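Chains as they are written, first to last, in my numbering: chain A, 35 to 244; chain B, 35 to 244; chain C, 35 to 244; chain D, 35 to 244.
In case anyone wonders, no lab produced these hints; they're calculated from the structure.
Please note that the accuracy of each hint is not assured.
One copy or any two copies: either way a pair holds, since identical chains are not told apart in the list.
The calculated DSS-like cross-link candidates involving lysine-lysine, where the alpha carbons are at most 27 Å apart (straight line), are [what the hints assert, rightly or not]:
no., residue 1, residue 2
1, K110, K123
2, K215, K160
3, K101, K123
4, K101, K160
5, K110, K160
6, K215, K101
All of these numbers come straight from a predicted model, not from anything done at the bench.
4 protein chains.
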Amino acid sequence: MSQSFELIAAQLVSIADGFHRRGWLLGTSGNLSAVVERESLHLAMTPSGVDKGALLADQILLIDEQKRVISNHQAKPSDEAPLHIRIVKQRSAGAVFHTHSVWSTMLSDLHARDGGLAVEGYEMLKGLAGVRTHEHREWLPILENSQNLEQLAGKVGEALNEHVNAHGFLLRRHGLYTWGKDLAEAKRQVEIIEFLLETIGRTRMLSGKG
Amino acid sequence: MSQSFELIAAQLVSIADGFHRRGWLLGTSGNLSAVVERESLHLAMTPSGVDKGALLADQILLIDEQKRVISNHQAKPSDEAPLHIRIVKQRSAGAVFHTHSVWSTMLSDLHARDGGLAVEGYEMLKGLAGVRTHEHREWLPILENSQNLEQLAGKVGEALNEHVNAHGFLLRRHGLYTWGKDLAEAKRQVEIIEFLLETIGRTRMLSGKG
Amino acid sequence: MSQSFELIAAQLVSIADGFHRRGWLLGTSGNLSAVVERESLHLAMTPSGVDKGALLADQILLIDEQKRVISNHQAKPSDEAPLHIRIVKQRSAGAVFHTHSVWSTMLSDLHARDGGLAVEGYEMLKGLAGVRTHEHREWLPILENSQNLEQLAGKVGEALNEHVNAHGFLLRRHGLYTWGKDLAEAKRQVEIIEFLLETIGRTRMLSGKG
Amino acid sequence: MSQSFELIAAQLVSIADGFHRRGWLLGTSGNLSAVVERESLHLAMTPSGVDKGALLADQILLIDEQKRVISNHQAKPSDEAPLHIRIVKQRSAGAVFHTHSVWSTMLSDLHARDGGLAVEGYEMLKGLAGVRTHEHREWLPILENSQNLEQLAGKVGEALNEHVNAHGFLLRRHGLYTWGKDLAEAKRQVEIIEFLLETIGRTRMLSGKG
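This is chain A alone, in the form it adopts within the complex (with noise of 0.2 Å):
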């Protein structure tokens, strides 16, 4: 298992270094995190409070399904982690990466009073997982953002459960959550949503609805 942990926690620190070089992770914001082991659930996670952009190999987190930090490492883990946790076992994923961006920002409040936000049309919706042509439409649900992350933890399970479909959510003036199967496609997913988000964005603002 070490070996693997080692080669994920590698990975993770060239993702976050690259969305944190395209403004994604600013400000010790957002957290990355991969599975490692499903049996006895092991994640491998950034740490709570660390700069993306200056991110070590040896900082990334061993935690347990209950959060518990199983390496050796001091760092405390994210108060984020029980989403994480509570992604990778009712998707069944690889991978949840979670990133603050200026437009989810800006759209997760926008679109808040509906719930979440529609993507239809784009030829980039082919590249999320299972989806196999552009006129796709994807709902992103949206959730109100909490400092009670059990609760929220709760929350996103009940949202995922009702959009069996989603490939990822909003929180509200806060950011966004998406998975895959492995790093690579949790990666690509993040491209595609946060293309997507910056597309629509720039959209109104071009004809002008406000």
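Position chains B, C and D relative to chain A; hints supplied.
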């Protein structure tokens, strides 16, 4: 031929990486190709479903005119290979680049009902092959997006016949295709057209014309 | 002390380079400082008039409380050193960062008549020192710009007294000042406040509120 | 002289690469020059039609006052060399930089009927050579674009005479020219003017003034 293929593959990787950084090939979108041999057509091409920011030269495919993989790679050719092949043959192009930017996605939708987008009076136009003055008027045809790629290749062929001077075209809510006699010319034209699309999009916002 | 100074100088260079790449320190604008010794105040600081994208560690100055250069460098301290010194003393800061972004320039002007700008309800606020919830309301005071830096330092001192919880302030049509107990905290707060200013600016555009 | 030329060539390459990354020299647009010898004028200059993101030092040309290539390079001097030569002579500049950004392209068009664009009251102006306060008013003349470069050089000469304090000018729908006593000053002024143009453009959008 093999050395030439290796050199072309290395250049495709480098160009793909640069475009990915600019946000023009996010989420495995887009594809780049270049002619290795023209007589019996051999095309070097980025494979389907790979992260363009983490591409390796040995992932580049060599395909023939029937989009059969003729190198020893197991990877799958992109669904859009028929469009590349059509353009190579009809324009005698040495390289064909397809990018997905936010601006091309938006403007291809906004101008779809006109069947194209005129770009006129910009110095930047002088960088397009054969253009000698900013007083040039470039017509970028816009085609409806489709998942029937063979049929779409036929429509691309018709558009190329109809607009013999076009340096590129847009697929609606999908992205840009442009090409050149070689890799450098195709890269230059991607940069030029993307710059002009951003300029046109922002000008609409600046002048409040929704 | 010298080793600590060298380490701090190297970190200032690395942070300056990153901020320059993001467009927050263009054209020799902005300045960064960090405390090397607090008793008899010694401050490491970027010199006046240098390109922050091409800074070298041995260009970093060491100055005292009277902004005298006490290292062996010939370079001139920034005119804004009195502001850094004032903040270090009044907030017991370990690092003071001043950036010039497009968004801080614009919003500091747009909200100048209100004397400041309120930022409220964003998850990103949780990254500010001591803030535990997105339900936080941050007031960013805005001060009129001036070339009389000693006088301006006095006004900064008053603003810091009046707004004891503020994590930063804006100079009108000039930029952002923030600080932290150390380099990492100051860097984090720059990223957070710049993110929030961009979010607020774009939200105004998106919602059509001029 | 040869060592000085090599050093200047290496710096031009590094500056070109940085500007290309920021999107200010896309598609082989723009050109950079620097004086190697002033008596009998020798100018190091980027050649015509090259990718500024993949430039090599040995591609930099050495030209004389009649834009004859006097180094052993085969490359073609840029059509815009007469503008560079004119500016060098009339302003005693040590370096002349010409960039094509989206913002300079848009604003040079929007303000063309006024013959120029006023920039006033920004701290960033203090970085322009000889400017000591943000209360400075910079007038950026705007000239109609033309493919008759000798004639255009004449008009540039007149504009430089008329606006003796101008630190740069715009060509309509084309881009920015600025210069400095050396490479560092010219680079600084590009960054400053580009920053200010972006600020002015976005402010128009933010305030809803079309």
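Status of each hint after checking the structure:
When the C-alpha separation of K110 and K123 is checked against a cutoff of 27 Å, the pair qualifies only within one copy, where the shortest distance is 22 Å, while the shortest distance between copies is 31 Å. Proximity of K215 and K160 under a CA criterion of 27 Å is satisfied intra-copy only: 16 Å inside one chain copy versus 30 Å between copies. In this homomeric assembly, K101 and K123 come within 27 Å of each other (Cα to Cα) only inside a single copy, at 13 Å, whereas the closest approach across copies is 40 Å. Taking CA atoms no more than 27 Å apart as the test, K101 paired with K160 passes between copies only; the shortest distance there is 21 Å, against 34 Å inside one copy.
Taking identical chains as interchangeable, the C-alpha atoms of K110 and K160 lie at most 27 Å apart only when they sit on different chains, with a minimum of 16 Å there against 37 Å within one chain. In this assembly of identical chains, the alpha carbons of K215 and K101 lie at most 27 Å apart only when taken from the same copy (21 Å versus 29 Å across copies).
Figure legend: structure checked against the earlier numbered hints; every hint is met.
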